[in-house]
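Peer 1: Sequence:
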Amino acid sequence: MATGLVLEGGAMRGIYTAGVLDEFIREGITFPGVIGVSAGAVHGCSYVAGQRGRSIRYYLRYCGDKRFMSAHSLITTGNIVGEQFCYHDLPERLDPFDYQGFQRSGTDFYVVCTNVRTGKAEYILCKDMRKDIDYMRASASMPFVSRIVCAGGKKLLDGGVADSVPVQAFRRMGYEKNVIVLTRPAGYKKKLGSTTRRLARVMYRRYPAFERAIMNRHKEYNGTLEEIDRLEKAGEVFVIRPEEPLKLGRAETDREKIRAVYQIGVRDARRRMDGLRTFLG
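The sequence shown maps to residues 546 to 826 in our numbering.
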């Protein structure tokens, strides 16, 4: 029975996931398959490459840089996350990504994107992060604050719109037993805000299937969490999530807050390590 690792997104909350994954690296915990959504994919690729500490290092160094994630980037480029800086300058030069380590890992790494034309999730197997970087960028391109990404002949945006926690998709791929890292505490329920409803109707009127996906996202997400609870009780998944809401803004620049949330992820992984090893057998 193959065991997979499923990583939820959550914008800056994803630094919690980075803390969990760095502890996995320290403990030598690996998986044959990893699937990440948005920020989960961003931090998941460094985990697969074995680069412990990379995510928190560049987050602390560049979180206040207007090229990283900022209103300035949104206004000047149409993307709240700077495309050139985050997906080329950072991994290729400023804090190099270990492309060879990623390929040597032997782990199948998937990113989740939402097809804007169909409103459905696309599960993309990434084998070369240089060639597949646009799929990563699409997975992390949040609606309303990102331009549509064209990759592989498709129009793509944030994977969390169609499948925020793709545990069922991974089970269908053959990963029947899964470890899941969430960035919301137990009991959280997503709601559809009136602003989101209005923006979706205006900004994505040319893509009705994607608009419907946004409108239904809260229902799909809450249903997925209910399914995860059922699977956890049945012993089919192992869940790591924060005990309380993670207090970070979408484009947080407070380094101490970022460091604190990262350390919560490290702490939670350490607390659950014995149970995780038992689950993994």
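Take the hints with a grain of salt, since some may be wrong.
[Stated by the list, open to error] Straight-line distance between alpha carbons at most 30 Å, and here's what the computed DSS-like set of lysine-lysine pairs gives:
(1) 736 - 672
(2) 611 - 764
(3) 672 - 700
(4) 665 - 722
(5) 676 - 611
(6) 735 - 665
(7) 736 - 699
[What the hints assert, rightly or not] Label pairs and their in silico Cβ distance ranges:
(8) 780 - 572: 19 to 29 Å
(9) 737 - 676: 30 to 40 Å
(10) 620 - 822: 44 to 54 Å
(11) 572 - 662: 36 to 46 Å
(12) 789 - 823: 19 to 29 Å
(13) 620 - 721: 40 to 50 Å
(14) 774 - 648: 29 to 39 Å
(15) 780 - 623: 24 to 34 Å
No lab work stands behind these hints: they were computed from the structure. Keep in mind it's a predicted model, so treat the numbers as computed, not measured. A virtual CB, placed ideally from N, CA and C, is assigned to each residue, including glycine.
Peer 1: Next step is simple, just say for each hint if it's right about the structure.
Peer 2: Status of the hints after comparison with the structure:
1. 736 - 672: Since the Cα atoms of residue 736 and residue 672 sit roughly 35 Å apart, the hinted pair is violated (cutoff 30 Å).
2. 611 - 764: With a Cα-Cα distance of about 34 Å, the restraint between residue 611 and residue 764 is violated, given a limit of 30 Å.
3. 672 - 700: With a Cα-Cα distance of about 20 Å, the restraint between residue 672 and residue 700 holds, given a limit of 30 Å.
4. 665 - 722: Given that 30 Å is the threshold and the Cα spacing comes to 24 Å, the pair holds.
5. 676 - 611: Within the cut-off at roughly 26 Å; holds.
6. 735 - 665: 19 Å, holds
7. 736 - 699: 29 Å, holds
8. 780 - 572: 19 to 29 Å: 21 Å, holds
9. 737 - 676: 30 to 40 Å: The hinted range 30 to 40 Å holds for residue 737 and residue 676, with Cβ atoms some 36 Å apart.
10. 620 - 822: 44 to 54 Å: 48 Å Cβ-Cβ, so the 44 to 54 Å window holds.
11. 572 - 662: 36 to 46 Å: Given range 36 to 46 Å: holds, Cβ gap about 42 Å.
12. 789 - 823: 19 to 29 Å: 25 Å, holds
13. 620 - 721: 40 to 50 Å: 46 Å, holds
14. 774 - 648: 29 to 39 Å: 36 Å, holds
15. 780 - 623: 24 to 34 Å: Violated, since residue 780 and residue 623 (Cβ atoms, about 46 Å apart) do not stay within the stated range.
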